[in-house]
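Asker: These are the residues of each chain, in order.
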Amino acid sequence: DVKVTQSSRYLVKRTGEKVFLECVQDMDHENMFWYRQDPGLGLRLIYFSYDVKMKEKGDIPEGYSVSREKKERFSLILESASTNQTSMYLCASSPGTVSQPQHFGDGTRLSIL
Amino acid sequence: AQSVSQHNHHVILSEAASLELGCNYSYGGTVNLFWYVQYPGQHLQLLLKYFSGDPLVKGIKGFEAEFIKSKFSFNLRKPSVQWSDTAEYFCAVRVFSGGYNKLIFGAGTRLAVHP
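Protein chains in written order, with our numbering: chain A, 1 to 113; chain B, 114 to 228.
Just so you know, these hints were derived from the structure itself, not from any lab.
By construction, the Cβ of each residue, glycine as well, lies at the ideal position given by its N, Cα and C atoms.
You may find that some hints are simply not true.
[To be verified] The calculated lysine to any residue pairs, modelled on SDA-like cross-linking and capped at a C-alpha distance of 20 Å, are:
hint, chain 1, residue 1, chain 2, residue 2
1, B, K171, A, Q100
2, A, K13, A, L113
3, A, K57, B, R207
4, B, K215, A, R44
5, A, K3, A, K71
[Stated by the list, open to error] Away from chain B, derived, C-beta distances all over 12 Å, residues of chain A:
hint, residue
6, S8
7, T15
8, K18
9, V19
10, F20
11, M27
12, R68
13, S75
14, I77
15, S82
16, S111
Build the full structure now, drawing on both the sequences and the hints.
Answerer: Take a look at the structure:
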């Protein structure tokens, strides 16, 4: 069974901090995604990666960066956290033949104080 | 701009009632359509999908959805809901334009089923 594991379920950070959210998948999937989920807005794509070291901006990349040094790991970085980045962050993966996210992690609820 | 609308943000039903959740999108070109579900405390998972062919799609747990191209709709249905169907449901539409494609999610509908 595919597992997408996000390193933290809950995280509290301060404004201005550099924040790392980690995601690991165990099915050798080529595609990995980072979304944020906000009430009334659904899921919005932050970044997408289709291979190691490859990334594409999603709909709301401002204030975020990503890193994919190994196929199984996709990191989301908040360069300087701000209160409007308080949200639920979801990581997802899919095989290279499937362009939509197929398997999601449990999410990280991030609060920026 | 392309968008996906889920008109009902909260739905409350009694067990055995019939369910229909609306999903409309604004895009005139080729689309793929999806419904995802997120049960309380669990991760998001795919409920069903439509790419082409029969516009009536059957998914897991007795759910089905019908693609009506003329109405730009992909409504989710279940004849008789159970308490365990309590969840948040997201409609998503992949739009294709040239060599570009994009998956757009609706805002979600929270369904509460009372015993």
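Asker: Would you mind marking each hint as holding or not holding in the structure?
Answerer: Taking the hints in turn, this is what the structure says about them:
| no. | hint | in the structure |
| --- | --- | --- |
| 1 | B:K171 <-> A:Q100 | holds, 19 Å |
| 2 | A:K13 <-> A:L113 | holds, 6 Å |
| 3 | A:K57 <-> B:R207 | holds, 16 Å |
| 4 | B:K215 <-> A:R44 | holds, 11 Å |
| 5 | A:K3 <-> A:K71 | holds, 14 Å |
| 6 | S8 | holds, 15 Å |
| 7 | T15 | holds, 27 Å |
| 8 | K18 | holds, 26 Å |
| 9 | V19 | holds, 21 Å |
| 10 | F20 | holds, 21 Å |
| 11 | M27 | holds, 14 Å |
| 12 | R68 | holds, 19 Å |
| 13 | S75 | holds, 19 Å |
| 14 | I77 | holds, 22 Å |
| 15 | S82 | holds, 23 Å |
| 16 | S111 | holds, 18 Å |
When the structure is compared with the earlier hints, no violation turns up for any of them.
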